[in-house]
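K.L.:
Sequence:
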Amino acid sequence: MEILTNYSGAIIAIVTALALRILEHVLMYRGNLEITIDNALARFEVGHSGTINPRECEPGEKPEAILFECTLYIYNNSYAPRVMRETKLIFYNDRVNLGNCGIYTTNKKITNNNLTTEHIYKPIINVPPKEVVCHEQMAIIFDKYFPKIESYNKIMLSYVDHKNKTKLIELEKVDNIFQTEVQNN
Numbered sequence: 001m002e003i004l005t006n007y008s009g010a011i012i013a014i015v016t017a018l019a020l021r022i023l024e025h026v027l028m029y030r031g032n033l034e035i036t037i038d039n040a041l042a043r044f045e046v047g048h049s050g051t052i053n054p055r056e057c058e059p060g061e062k063p064e065a066i067l068f069e070c071t072l073y074i075y076n077n078s079y080a081p082r083v084m085r086e087t088k089l090i091f092y093n094d095r096v097n098l099g100n101c102g103i104y105t106t107n108k109k110i111t112n113n114n115l116t117t118e119h120i121y122k123p124i125i126n127v128p129p130k131e132v133v134c135h136e137q138m139a140i141i142f143d144k145y146f147p148k149i150e151s152y153n154k155i156m157l158s159y160v161d162h163k164n165k166t167k168l169i170e171l172e173k174v175d176n177i178f179q180t181e182v183q184n185n
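Residues 1 to 185, numbered by my numbering, are exactly what the sequence shown covers, in order.
It is worth saying that the hints were derived from the structure and are not from the lab.
Built from N, CA and C at the ideal position, the CB exists for glycine as well.
Heads up, a few of these hints could be off.
As the list claims (entries may be wrong) - Listed below are the simulated BS3-like cross-link pairs for lysine-lysine, each with C-alpha atoms no more than 30 Å apart in a straight line:
1) K167 / K88
2) K62 / K154
3) K148 / K88
4) K154 / K88
5) K148 / K130
6) K62 / K167
7) K130 / K167
8) K144 / K88
9) K130 / K88
10) K88 / K62
11) K165 / K62
To be verified - For each label pair, taking beta carbons as the anchor points, the in silico distance ranges come out as:
12) Y7 / P128: 39 to 47 Å
13) P59 / A80: 46 to 54 Å
14) K163 / V132: 18 to 26 Å
15) R21 / K144: 52 to 60 Å
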């Protein structure tokens, strides 16, 4: 008992330091990714099968692919780094999953006064703590998949977070490109 009274100040200091470290650790890992999707668009393209540069489809041309593009603004509101893995677009008709495709990061570089674009499949997007990261994303769907997805009415962005949970975010303002094409012709 005498030991407790003699060292009570030191014991209280150690217990308090341990409790604060545990609380700091818990609070540091709280939070999640906040994702804003901007500039989402879809268009038919030709020129994906040869050496020609892909371009938007002219009226009357048979499309070879659909290009979906969007810009992701990802904010990590925790004090620990977060990741987005296995990002993909999923096409839905009401609640029925029609199919999905991988998403590619678009890197634009200016070399010798020429703009070059390279598409890299980036399986993991690292987001530092308390920062906003901007990623231009794209997905290309080739014509052999058109019949499978042409009845979609909703597109979702899917990713796996740091806790191995799959998260879904709806891409708003992306009309069904198949219906839009029929109305334009």
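K.L.:
A separate judgement is required for each hint: does it hold in the structure or not?
P.N.:
Verification of the supplied hints:
1. Using a Cα cut-off of 30 Å, the hinted pair K167 and K88 holds, with the two alpha carbons roughly 11 Å apart.
2. With a C-alpha separation of about 24 Å, the suggested pair K62 and K154 falls inside the 30 Å cut-off, and the hint holds.
3. Among the hinted pairs, K148 with K88 is consistent with the structure: their alpha-carbon atoms are about 16 Å apart, no more than 30 Å.
4. A C-alpha spacing of about 14 Å is found between K154 and K88, which places the hinted pair at or below 30 Å, so the restraint holds.
5. Annotation: proposed proximity of K148 to K130 is violated, straight-line Cα distance about 40 Å (limit 30 Å).
6. Restraint check: the Cα-Cα separation between K62 and K167 comes to about 35 Å, which exceeds 30 Å; the hinted pair is violated.
7. Only pairs whose Cα atoms come within 30 Å are accepted, and K130 paired with K167 is accepted, the gap being roughly 20 Å.
8. Pair hint K144 plus K88 holds up; C-alpha atoms about 18 Å apart against a cutoff of 30 Å.
9. A hinted pair counts as satisfied when its Cα atoms are at most 30 Å apart, and K130 with K88 qualifies at roughly 25 Å.
10. This hinted pair checks out: K88 and K62 have alpha carbons roughly 26 Å apart, not beyond 30 Å.
11. For a cut-off of 30 Å, the pair hint linking K165 to K62 is broken: about 39 Å separates their Cα positions.
12. Remark: the range hint 39 to 47 Å for Y7 to P128 is upheld by a beta-carbon distance near 42 Å.
13. Under the hint 46 to 54 Å, the C-beta atoms of P59 and A80, about 51 Å apart, fit the expected range.
14. Taking the beta carbon of each, K163 and V132 are about 21 Å apart, inside 18 to 26 Å as hinted.
15. One distance hint, 52 to 60 Å for the beta-carbon pair R21 and K144, holds here, with the actual separation near 56 Å.
Checked against the numbered hints above, the structure violates hints 5, 6, 11; every other hint is satisfied.
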